[in-house]
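With the hints as your guide, set chain H onto chain A.
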Amino acid sequence: MTARKLLLLGEIGVGKTSLVRRLVHDELPTDYRATMGVDLYRYEIAGLGEGGGKALELVVWDLDGNYGESIFQHVYSKGASGALIVGDVMRQSTLEHMVRLADGFTEAMPSRQFTFVVNKLDLVGEPEAGLLPERLREARQPLVWTSALAATNVLTAFRQVADAILRREG
Amino acid sequence: MPSSAVKAETPEASPQRIVDAVGFLARERACSMAWLDEELRILQQFGPLTAELGQGATITSSLDVLLGLDEELAALKLEPERNPLAIPNVLPPNARSRGERMTLTIYWIADEKRYLLLITRAASFADIEYRLAAEVRARAIAEAEVAAQARVVQRINQELASANRDLQEFASVISHDLRAPLRGLRYAAMDAKTALGQGDTRKAATDLDSALSLARRMSGMLTGLLDYARVGRKVDAAEPVDTGELVASIVESIASGSGHSIHVEGEWPTLVTVAEPLDIILRNLIDNAVKHHDRQNGCIRVRAEQEGGRLLVSVTDDGPGIEPAWHEAIFLPFRQLVDADEADGAGIGLALVKKTVERFGGAIEVQSDPSRARGTTFRVAWPLTLSA
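Going down the list, the protein sequences come from chains A and H.
Numbering follows my numbering, in which position 39 of the first sequence is assigned residue number 39; successive positions increment by one, without gaps.
To convert, count from 1 in the second sequence and add 1000; that's my numbering.
Derived by calculation from the structure, the hints in this document are not laboratory data.
Heads up, a few of these hints could be off.
[To be verified] According to the in silico footprint, chain H covers these stretches of chain A (three or more CB under 8 Å from chain H):
id	segment
1	67 to 81
2	88 to 94
3	139 to 150
This one's a predicted model, so the numbers in the text were calculated from it and none came from an experiment.
Glycine included, each C-beta is placed from N, C-alpha and C at the ideal position.
Extracted from the complex, chain A is given alone in its bound form:
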């Protein structure tokens, strides 16, 4: 089984741990504890590629949100094949931070794949592009609206970036 390292990036409290725990354990943390350091998760995504015959094992690095853009100088980010860049739809500053993280990721790891994830969709009901900063709206990278709480589109987000990693590697 092919395994690839995937970073979960985003400001503190945007729901990175909730997303990956929803994916792996189909549960949410019962009490909030900020991630300090890095938590690793392993999850196999099947049905990828044309015809759905491929699978990829993701080793997800759920990172401490306090690193900000300095994460790209840290050993934690080395060797990653892709990233999910997560923001909280109710906190504009986290959405603006997503764009800066994307810039840092692209500079540190050119040609690696990433997907934008706008989390906490349950708080607004429907995806609303008007809530996003202009640069996020205009970005060419894929963007997935999720709710870890309501289990909406969580697998879709991980599948999207897994598929992109496989496509890049041919």
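What follows is chain H alone, placed relative to chain A:
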């Protein structure tokens, strides 16, 4: 890292080197370790955390935390200043308890030409550190919520200010612009009455025709005023709109029999937007270009292109042009460059266009200077994505 530590497992190690090695492992709180060859293959392993690693396997494919780090580890051999490589505070895959954090440190032992992987228990975080992190998060979220509320208040204030301006504008329009035709109507009716008193029925009929004409004009003005007032009050649902089809249908309805040629150029995309307001904008601008042209065979170009997050639409004619002094006034209700009696329409079109464009977050400008060249261009910047 004392080089003596790496010789601990060799039979010929001196007692002192064994003491050094044991001291090092104790200081580092090591719980597991492994020797790796130059190609990162596992030679030997010790301790519970490496028990399941198979000898001969590559460490970067055996331990999730080292996945993808082949280049980083190879660099340790070439760049002594990067030696060792430490990955601190890692919680292993799928662990449900947060008390099992570890730190992995990989040394390149140049003398031995092999790597040493040392796995140590990471210092556990105190509850107070978790509480502090939770408070930092709560504060960040609270600050964001306050900022969001401030934005809502600011938007409501802007809407109130805009509503107040509308109200003042209305008061001004009703008291001034509607008064003129009303006064004319009254004079015409009085003249007709006088003429009838004098038995001059022909003059009375002419005066009554004037009164009817003024009444029709007032009716048109009131209809326009109601359209203008409705902008922003009606909820328009966004839907996929083929702007190419929209502009083609408008051009077809206006160009027919006008004698003018209307050319549609550029790229007209399908947008998720509000169809009716966009129709009002395009229709009025194209209709104005035709209606206010001073020749029978004018040329009008309607062009669209995307730039940034906006659709830039321009309507250019080769008509008489608009003096720069009028560039602001033409966007006010009932301001026309020609005499109201000559004009076809209530004079509300451009005001309606401007208000509609701005209601949806767009902008409009006019470019024209008859002293330099004929023609006028109206440019509309229409947002590709509508804000709430």
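Of all the hints numbered above, which does this structure not satisfy? Sort the numbers upward.
3
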